[in-house]
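Trainee: Given the coordinates of chain A, assemble chain B onto it according to the supplied hints.
Note that the protein sequences, when read in sequence, are chains A and B.
Position 143 (the first sequence) corresponds to 142 in numbering that gives the first Met the number 0; numbering is contiguous.
Position 36 (the second sequence) corresponds to 35 in numbering that gives the first Met the number 0; numbering is contiguous.
Treat each hint with caution, since some may be false.
Simulated crosslink set (PhoX-like; lysine-lysine; CA at most 25 Å straight-line) [stated by the list, open to error]:
| # | chain 1 | residue 1 | chain 2 | residue 2 |
| --- | --- | --- | --- | --- |
| 1 | A | 94 | B | 3 |
| 2 | A | 59 | A | 124 |
| 3 | A | 154 | A | 94 |
| 4 | A | 100 | A | 154 |
| 5 | A | 154 | B | 3 |
| 6 | B | 3 | A | 100 |
Derived by calculation from the structure, the hints in this document are not laboratory data.
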Amino acid sequence: MPGLLVNFLWLVGILAEAGVVVCALKKGAFRRYLLLNLYMAGLLCVELGRYKILSEYGLKSTQFQYFYFYSDAILTIFLYFALCTLYSHVFSEMKAERYVKLGALLLLAGTALFTYAVVQQSSAKLVTHFVVELSQNLYFVGVVLTYVLWGAILKLRETRTRLIQLVLSLGLYFSFLAANYAVRNLYPSLHTVFIPLVQICGIFLPMAWAYAFWRLPEEARLVPSRLAVIPR
Amino acid sequence: MSRKLAVVFLTMLILVGAMGLKTVVTAHGDGSAIMANGAGPAPSTPYKNGAGPAPSTPYKNGAGPAPSTPY
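The following block holds chain A by itself, in its conformation from the complex (with noise of 0.2 Å):
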């Protein structure tokens, strides 16, 4: 079993994921993100069982390694849609809908054929290696759909206060993540200080999200940066 500080932030994690949901619930939230709410949801359910099973058969039991990847194949999939949809909040005065859907399953068809080419070549376990790749090559992609539709936001002058949270924090969570795992095999020597920070970034997401339904209200408007006033 991991040490007690891995699980206190383990534990203030699920706390934060069941705040997100019941956040957007509280607030008139939840079918308006509904899939970002049903992510959260379905990570709450997946830390409580792999708590589960890594309390029955220990951290380096095959059991909870197959849990683990394959759900984290899953969610990240889920998180992939649900950035999909932030994409539509933007563009809905626009009309794109159909777009931002045939782009969505374009890219998503495009990362499972371009890790289906990559892990071909692998000998052994097949599967599982495409399971693994395809979550770690969507999360890249995710980084990237998350800084386009940030440039979109500023191009398209977005002023929703929640979306752009919403989206500011995803980009963060994605970053630094990224930044983490760089810096971490840079500075092998560190790997006691950035593994716990994995963790706490795993905190940050939700506990945003949750700021972001609860304090935040559909209505909020931030104000333009460039307003220009023109004499008459």
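Mentor: Same frame as chain A, now just chain B:
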């Protein structure tokens, strides 16, 4: 039609960008998983547990250099 083609082009561009970013980030990687949905501890990837030398789990790595992935 041109809009659909633009969507296809953008999709391919994003895919290439994402895989490029992955290559940059994992250039010095030890083969462990990057993505972590949730705050729980992550195990090592199961497909590395074969006859070849397996890297240790992300939570057990010490100061030593990690071996290359067996596949």
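Trainee: Each hint needs a verdict: does it hold in this structure or not?
Mentor: We went through each hint and held it up to the structure:
no.	hint	verdict
1	A/94 to B/3	holds (14 Å)
2	A/59 to A/124	holds (18 Å)
3	A/154 to A/94	holds (17 Å)
4	A/100 to A/154	holds (21 Å)
5	A/154 to B/3	holds (21 Å)
6	B/3 to A/100	holds (11 Å)
When each numbered hint is compared with the structure, no violation occurs for any of them.
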